[in-house]
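Protein chains: 2
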Amino acid sequence: MTMECEGRRRGGREARRQLRAAPLEESLRPVRPGLEGGRYRPLSEADVRTIHAAALDVLEKIGMAQALPTCIEACTARGAFLNEHGRLCFPRSLVEDVIAGAARRFPLYGQEPRHDLEPWGTKVHFGTAGAAVHMVDLKTRAYRESLLQDLYDAARMVDALEHIHFFQRTLVPRDMVGAVELDINTLYACIAGTTKHVGTSFCRPDTLNMGLEILHHVAGGEAAWRARPFVSLSCCFVVPPLRFAEDACRCLEAAVAGGMPVLLLSAGQAGATSPAALAGSVVQAVAEVLAALCYVNALKPGAPAIFGTWPFVSDLRTGAMSGGSGEQALLMAACAQMGQFYDLPTGVASGMSDSKLPDAQSGAEKGYNHALVGNAGANLIYEAAGMQASLLGFSHESLVIDNDIIGATLRTIRGIEVSEASLSLEVMREVCIEGPGHYLGSQQTLELMQRDYYYPGIGDRTSPKEWAEQGRTDIVERAGRKVREILGGHFPTHLVAIDGLLRERYPIRLPAEAMRPATRGKAA
Amino acid sequence: MTMECEGRRRGGREARRQLRAAPLEESLRPVRPGLEGGRYRPLSEADVRTIHAAALDVLEKIGMAQALPTCIEACTARGAFLNEHGRLCFPRSLVEDVIAGAARRFPLYGQEPRHDLEPWGTKVHFGTAGAAVHMVDLKTRAYRESLLQDLYDAARMVDALEHIHFFQRTLVPRDMVGAVELDINTLYACIAGTTKHVGTSFCRPDTLNMGLEILHHVAGGEAAWRARPFVSLSCCFVVPPLRFAEDACRCLEAAVAGGMPVLLLSAGQAGATSPAALAGSVVQAVAEVLAALCYVNALKPGAPAIFGTWPFVSDLRTGAMSGGSGEQALLMAACAQMGQFYDLPTGVASGMSDSKLPDAQSGAEKGYNHALVGNAGANLIYEAAGMQASLLGFSHESLVIDNDIIGATLRTIRGIEVSEASLSLEVMREVCIEGPGHYLGSQQTLELMQRDYYYPGIGDRTSPKEWAEQGRTDIVERAGRKVREILGGHFPTHLVAIDGLLRERYPIRLPAEAMRPATRGKAA
Numbered sequence: 000m001t002m003e004c005e006g007r008r009r010g011g012r013e014a015r016r017q018l019r020a021a022p023l024e025e026s027l028r029p030v031r032p033g034l035e036g037g038r039y040r041p042l043s044e045a046d047v048r049t050i051h052a053a054a055l056d057v058l059e060k061i062g063m064a065q066a067l068p069t070c071i072e073a074c075t076a077r078g079a080f081l082n083e084h085g086r087l088c089f090p091r092s093l094v095e096d097v098i099a100g101a102a103r104r105f106p107l108y109g110q111e112p113r114h115d116l117e118p119w120g121t122k123v124h125f126g127t128a129g130a131a132v133h134m135v136d137l138k139t140r141a142y143r144e145s146l147l148q149d150l151y152d153a154a155r156m157v158d159a160l161e162h163i164h165f166f167q168r169t170l171v172p173r174d175m176v177g178a179v180e181l182d183i184n185t186l187y188a189c190i191a192g193t194t195k196h197v198g199t200s201f202c203r204p205d206t207l208n209m210g211l212e213i214l215h216h217v218a219g220g221e222a223a224w225r226a227r228p229f230v231s232l233s234c235c236f237v238v239p240p241l242r243f244a245e246d247a248c249r250c251l252e253a254a255v256a257g258g259m260p261v262l263l264l265s266a267g268q269a270g271a272t273s274p275a276a277l278a279g280s281v282v283q284a285v286a287e288v289l290a291a292l293c294y295v296n297a298l299k300p301g302a303p304a305i306f307g308t309w310p311f312v313s314d315l316r317t318g319a320m321s322g323g324s325g326e327q328a329l330l331m332a333a334c335a336q337m338g339q340f341y342d343l344p345t346g347v348a349s350g351m352s353d354s355k356l357p358d359a360q361s362g363a364e365k366g367y368n369h370a371l372v373g374n375a376g377a378n379l380i381y382e383a384a385g386m387q388a389s390l391l392g393f394s395h396e397s398l399v400i401d402n403d404i405i406g407a408t409l410r411t412i413r414g415i416e417v418s419e420a421s422l423s424l425e426v427m428r429e430v431c432i433e434g435p436g437h438y439l440g441s442q443q444t445l446e447l448m449q450r451d452y453y454y455p456g457i458g459d460r461t462s463p464k465e466w467a468e469q470g471r472t473d474i475v476e477r478a479g480r481k482v483r484e485i486l487g488g489h490f491p492t493h494l495v496a497i498d499g500l501l502r503e504r505y506p507i508r509l510p511a512e513a514m515r516p517a518t519r520g521k522a523a
Numbered sequence: 000m001t002m003e004c005e006g007r008r009r010g011g012r013e014a015r016r017q018l019r020a021a022p023l024e025e026s027l028r029p030v031r032p033g034l035e036g037g038r039y040r041p042l043s044e045a046d047v048r049t050i051h052a053a054a055l056d057v058l059e060k061i062g063m064a065q066a067l068p069t070c071i072e073a074c075t076a077r078g079a080f081l082n083e084h085g086r087l088c089f090p091r092s093l094v095e096d097v098i099a100g101a102a103r104r105f106p107l108y109g110q111e112p113r114h115d116l117e118p119w120g121t122k123v124h125f126g127t128a129g130a131a132v133h134m135v136d137l138k139t140r141a142y143r144e145s146l147l148q149d150l151y152d153a154a155r156m157v158d159a160l161e162h163i164h165f166f167q168r169t170l171v172p173r174d175m176v177g178a179v180e181l182d183i184n185t186l187y188a189c190i191a192g193t194t195k196h197v198g199t200s201f202c203r204p205d206t207l208n209m210g211l212e213i214l215h216h217v218a219g220g221e222a223a224w225r226a227r228p229f230v231s232l233s234c235c236f237v238v239p240p241l242r243f244a245e246d247a248c249r250c251l252e253a254a255v256a257g258g259m260p261v262l263l264l265s266a267g268q269a270g271a272t273s274p275a276a277l278a279g280s281v282v283q284a285v286a287e288v289l290a291a292l293c294y295v296n297a298l299k300p301g302a303p304a305i306f307g308t309w310p311f312v313s314d315l316r317t318g319a320m321s322g323g324s325g326e327q328a329l330l331m332a333a334c335a336q337m338g339q340f341y342d343l344p345t346g347v348a349s350g351m352s353d354s355k356l357p358d359a360q361s362g363a364e365k366g367y368n369h370a371l372v373g374n375a376g377a378n379l380i381y382e383a384a385g386m387q388a389s390l391l392g393f394s395h396e397s398l399v400i401d402n403d404i405i406g407a408t409l410r411t412i413r414g415i416e417v418s419e420a421s422l423s424l425e426v427m428r429e430v431c432i433e434g435p436g437h438y439l440g441s442q443q444t445l446e447l448m449q450r451d452y453y454y455p456g457i458g459d460r461t462s463p464k465e466w467a468e469q470g471r472t473d474i475v476e477r478a479g480r481k482v483r484e485i486l487g488g489h490f491p492t493h494l495v496a497i498d499g500l501l502r503e504r505y506p507i508r509l510p511a512e513a514m515r516p517a518t519r520g521k522a523a
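Chains as they are written, first to last, in numbering that gives the first Met the number 0: chain C, 0 to 523; chain S, 0 to 523.
No lab work stands behind these hints: they were computed from the structure. Computed from a predicted model, the values in this text were never measured in an experiment. Beta carbons: idealized from backbone N, C-alpha and C, even for Gly. Treat the hints loosely; a few may be bogus.
As the list claims (entries may be wrong) - With a straight-line cut-off of 27 Å between C-alpha atoms, the simulated DSS-like cross-links for lysine-lysine are: (1) LYS299/C - LYS60/C; (2) LYS60/S - LYS299/S; (3) LYS138/C - LYS138/S; (4) LYS138/C - LYS464/S; (5) LYS138/S - LYS464/C.
To be verified - Here chain C is said to cover these stretches of chain S; the calculated rule only asks that three of the stretch's residues, wherever they fall, bring their Cβ under 8 Å from a Cβ of chain C: (6) 274 to 283; (7) 411 to 420; (8) 424 to 430.
Kindly generate the complete structure, drawing on both the sequences and the hints.
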């Protein structure tokens, strides 16, 4: 009551400023990882069942081409069969049994437990992904080759950004030569840069097995790794339509054997490698991922796998990908619903702007995609930060901007609490009949200003006058300042003790001095 | 079939290009005004009923302050009463009767019938609104005073932009002096610049009546005006919390008498003039608008009125408005649901970026707000284009950018068609087993490329290489080109015949020569 009276005396502003200064514990924060979505439903329940039935038809009657002998052996032992075209087909009952028995409540671990994720139900998490081959230089607007240092920096950025909940590798370090150097250094740059859950890819099973050795060292032994696998495999197991990708399937087998969770990623492109009809594109993606789920569970029942339906959109005028379109939001949100229908941990993609720069087009494409895909309740939303040019380009500034967009999106996912207190009848009565005629200093306002409201990191809410006084910046300029601040100062140290041993045994190319702040002399 | 075969021979691209060149009739276009939303539901059905009950409580137990004598007389005759605090209270049964009898299926007319809107059910329309006092100069980043010419230009821009379905005045022409000059010229700049439905405001009932005279002239007589009223009154009838605004109420009465539809606009600000709890803010807005609905229907049963719940958001650290926040999207989407519960034509606001510039922040704020408010199925979405700085600034370039964002949003509202054809099983079978292994030239792709896919006007989807060759533009630069193209060439001529007569009788300040293209000599 004292606080309320003080608040009223000072018009509320000073009291609000004081309260704002104190940090909140996680459970009281306005947004956090794992908020529950599901209030946006692009498909009716009947639509969902119809799509499911169609996907089962596809698996039984068309089937998958190019299955590895190991895949055919494992799957036919469970009831799959090769049809007259040599395609591996999955009877309806097999698929339904696999769905029923698949792993569905496994966490994705961080190197630090505070970053563990629980990707099930309608809980939503946002993270990165991608295989960009360019970094975007925002000063010159040049697209230059992406390098290993850029990847390590991206991991550090994500480590420091609150609303990006996991780090899947975002870019291909084009200074790495050959599969071993590429795969091992991609892995190491990611796990050294962040203690959040990491996703990555491997070209070959032997490099994946070498990666597993590294992960055993980092975890403190194989058993410790298997107890808390903190790296997942992003596996493009399919070359749509309906054809297994052989090298990726070999990696899939190695990951399943090694206890590494697998993102079963089907990335057809509507109108090019999947049907132009959006519903058909969803059917094909669902069928492909269910085929892979059968495969994984035939190899090892209950192995952790993520339902990774990523049907992309083509601009049908040119055949080029359009990751920022409204159609893209519909496809991914629909896939989130399909994953919920199966009650499988579901990963989709959102935030893939077509714009080459983080401009208003980019912001809008990311904004409407995140809002719809997030509110559909996808468990893991990949490609959610940093991507430009339909996944060809990556930018650290975009990471910072997108962190803000995700924060606001999470606030929409949190929704509106309707309770006797939040209906506010008593507050309204007091303010109107007894009170000051406004709510600025009321106890409710003071209590809710931190718990209920999300405040952007670099988003600007000043008046035009204040904004002019502060230099008339746009968000890219403010993002640049934040990038310099993080990259200049944020060097996770969790691998310092093991770094030397790993450098002795594996071809690690990231210079050790890149992993600590520049000394004063060097900086000068 | 011939076309399909040709398409296949040429790999599809040339056939797609040819098809693309032919314009589509409206019913086949990928997006159009009045697509049906309703797939995003921030409130449960129980939440909706709880909020409704709370709003009825507020109207019965707290009531509205500052009712005009005419309002008290009309409303008490229908069953309202003044309580011990002199507040006008509305019994539950009165409110329910008014809701049951209110107008709910009236079109908003354009000056041309092709622009008529049907704002009911979950049909969605986007338009402008606002009372900005600044134009944003994107070259210098200066905020300068907004002028009458800017307003006329805004109307012309909207007239030419496909996805902005109505034009409510966006800015205050600060070169107009006094209520008569301001109101009459605001009206005339709007109706002269576009044949789409117009919304505007008036300071006083006498200026509104003068406006009605003008509208009679334009329509060809009072009866013609009353048959197709193509201008609505945006009426801020309330100074929240729960206090009638006397001047606005006098205008409301004049509009109802004159057959002008009224947007009953309640614009509280959560944490300042409405409760900080989001649910309470919705309750207050609903109660206020229902009070005004009782008022309108007491004056004239069945008079056309729009349920205009616009609960705004404060940044509680400063008390300043934050129109671009995620909380804002929740509030407006929830109000759309409330309006659907009442089956009343519902107008809310979306797209009010806090950013001073059309940068990535602005794009994102508009993107996620439009996606959620649009998919909630609000009938009329005001403030949807052109606004910056939480409604303080306006930009023609932003109009063009936002037209693209709305187009993509409309595509998401259209949703995913699930039918036997769209499930695509036969197409998939053909492509995988008999066909080329891709869908680029398939008949389905050719048929759907125009009907199912939205293509942005100025949004860029080129590859990084093409983009570099084309000058590495951002969307603001491309929007600038479009603004110059429209403002240089688009001069609606529908008022040419009446312009001279109106200039004789009313203080019209827009120079006649501003209403036609510059001559070659003048331009040089």
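Hints, one by one, checked against the model:
Restraint check for LYS299/C and LYS60/C: satisfied, since their Cα atoms lie roughly 25 Å apart, inside the 27 Å limit. The suggested pairing of LYS60/S with LYS299/S holds, with an alpha-carbon distance near 25 Å, which does not exceed 27 Å. Taken as a hint, the LYS138/C and LYS138/S pair is honoured in the structure, with Cα atoms around 17 Å apart against an allowance of 27 Å. For a cut-off of 27 Å, the pair hint linking LYS138/C to LYS464/S stands: about 17 Å separates their Cα positions.
A threshold of 27 Å between alpha carbons decides the hint, and for LYS138/S with LYS464/C the separation of about 17 Å falls inside it, so the pair holds. With 10 residues bearing a CB less than 8 Å from a CB of chain C, the region 274 to 283 of chain S meets the requirement of three and the coverage assertion stands. Coverage of a stretch by a chain is defined here by at least three residues with a beta carbon nearer than 8 Å to that chain's beta carbons; for the region 411 to 420 of chain S and chain C the count is 7, and the condition holds. Given as covered by chain C, the region 424 to 430 of chain S passes the check, having 5 residues with a CB less than 8 Å from a CB of that chain where 3 are the minimum.
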